[in-house]
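S.K.: Sequence:
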Amino acid sequence: MVIIISILQESWHLLLEASVYILFGMLVGGLLKVFLNPSFVADHLGKGKFISVIKAALFGIPIPLCSCGVLPAAASLKRQGANNGATTAFLISTPESGVDSMAITYALLDPIMTVARPVSAFITAVAAGISENLLQTQKEEDWERVIDRSCPIDNCCDGNECPPEEHARHHTFAEKLWAGLKFAVDDLWGDLAGWFFAGLLLAGIIAAIIPQELMARYLGGGLHSMLIMLLVGIPMYICATASTPVAAALILKGVSPGAALVFLLVGPATNVTSLSVLFGLLGKRATAIYLITLSIFAVLSGLAVDMIYTSLGVSASAIAGQAGEVIPYWLQFAGALVVILLSIKPLYLFFQNIFYKKKNGHMNEHDEDCSVDSHEVDEKNQCRAPS
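Be aware that the sequence shown starts at -1, since it is given in the numbering used here, and climbs by one per residue.
What the hints contain is simulated information worked out from the structure, not anything from laboratory work.
In this text the structure is predicted, and so the values were computed from the model without any measurement.
Don't take every hint at face value.
In silico BS3-like links for lysine-lysine, alpha-carbon gap of 30 Å or less [to be verified]:
(1) K174 x K53
(2) K343 x K174
(3) K53 x K180
(4) K180 x K343
(5) K47 x K282
(6) K282 x K53
Quick list of the computed label-pair ranges, beta carbon to beta carbon [claimed, not checked]:
(7) G220 x Q350: 37 to 45 Å
(8) V117 x G281: 44 to 52 Å
(9) G220 x L132: 27 to 35 Å
(10) A286 x P326: 48 to 56 Å
(11) F353 x F331: 27 to 35 Å
(12) Q350 x E173: 28 to 36 Å
(13) G311 x T170: 48 to 56 Å
(14) F331 x G281: 46 to 54 Å
(15) R283 x M305: 31 to 39 Å
(16) I294 x P109: 24 to 32 Å
(17) L133 x L339: 46 to 54 Å
(18) E173 x L339: 21 to 29 Å
(19) Y346 x I3: 21 to 29 Å
For each residue, glycine too, the CB sits at the ideal point set by N, CA and C.
Please work from the sequences and hints to get the whole structure.
M.R.: Here is the structure:
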């Protein structure tokens, strides 16, 4: 009983530190949905072996999607004309980063890791995307280009027969803001809440149970620490937001910041299911390039980050979570309550889906029968079976 209480106390402490930043990340993510036109994104990712990849990596950095949620989005981009390199770059940078995960990284870790995470994601995404375009041995299949110009507010028009200047008069700024907030609460946090609280619980278990000496001995730094974390992170499914409290708990237990960064990079970007879907979406060669490049650059990024901390004489465990301490306790507590209230429905649906899947033996939309290779997504950007 004492251990359970200790686990819950550690998890609650992390939630307090992260709550305000979670709400901020949700707000920005919702506004991106409304004000970042997907057709504008797709228009820039179809041509050029280099510039399209760089743009795709940059576009993916702020978008808050997990490794499975990004798959239908990437399929939609490819359907709209994005080349394989740009699609690969988007698939890497998007789940590894996001405004929500960057905000929580700042709260639970420190400014160095907050910068290192998106920078590493960008470099890795660009390297993988350019490699894919340069190593392509045959002309890429010509996809029928179908640009999605539909209204992101309420689908009032398809954007093709309705000129942009006319559609701009359909909705006020307040309506757009409300639509963004609704998306943030219902869709964005609905997808993340279950995994985030699972990550909080796992972080609490690590903090309360696992001996610090054990972590420091095997994951305290060096190439072997990076490789161990690589092997742990690749098959695991954990989104960028949920992986952050786990990384914070690992660092506080003596794990090197570089090894934690490897986990933050490969955990959200890979898992067995998403790799199998990638095989159908991009093909064998592109999937191999994706995995190899991601692994190499994750390890190199981890080693580089450890060198930065060492050269600056900074202890990652000593400064972890200091940003969260800037927020007054009353505001942290209020933020935690709001997060919990917003999570009641998503958590109910999360567990309902798990129990339903176990009972019926069915796979949900994120599993291997998710037909992303059919290049069809519905209006909520979820996978659907081909007709």
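S.K.: Against this structure, judge whether each hint is valid.
M.R.: Hints and how they fare:
no.: 1; hint: K174 x K53; verdict: 25 Å, holds
no.: 2; hint: K343 x K174; verdict: 24 Å, holds
no.: 3; hint: K53 x K180; verdict: 28 Å, holds
no.: 4; hint: K180 x K343; verdict: 14 Å, holds
no.: 5; hint: K47 x K282; verdict: 19 Å, holds
no.: 6; hint: K282 x K53; verdict: 24 Å, holds
no.: 7; hint: G220 x Q350: 37 to 45 Å; verdict: 44 Å, holds
no.: 8; hint: V117 x G281: 44 to 52 Å; verdict: 29 Å, violated
no.: 9; hint: G220 x L132: 27 to 35 Å; verdict: 32 Å, holds
no.: 10; hint: A286 x P326: 48 to 56 Å; verdict: 50 Å, holds
no.: 11; hint: F353 x F331: 27 to 35 Å; verdict: 32 Å, holds
no.: 12; hint: Q350 x E173: 28 to 36 Å; verdict: 32 Å, holds
no.: 13; hint: G311 x T170: 48 to 56 Å; verdict: 53 Å, holds
no.: 14; hint: F331 x G281: 46 to 54 Å; verdict: 50 Å, holds
no.: 15; hint: R283 x M305: 31 to 39 Å; verdict: 33 Å, holds
no.: 16; hint: I294 x P109: 24 to 32 Å; verdict: 26 Å, holds
no.: 17; hint: L133 x L339: 46 to 54 Å; verdict: 49 Å, holds
no.: 18; hint: E173 x L339: 21 to 29 Å; verdict: 24 Å, holds
no.: 19; hint: Y346 x I3: 21 to 29 Å; verdict: 25 Å, holds
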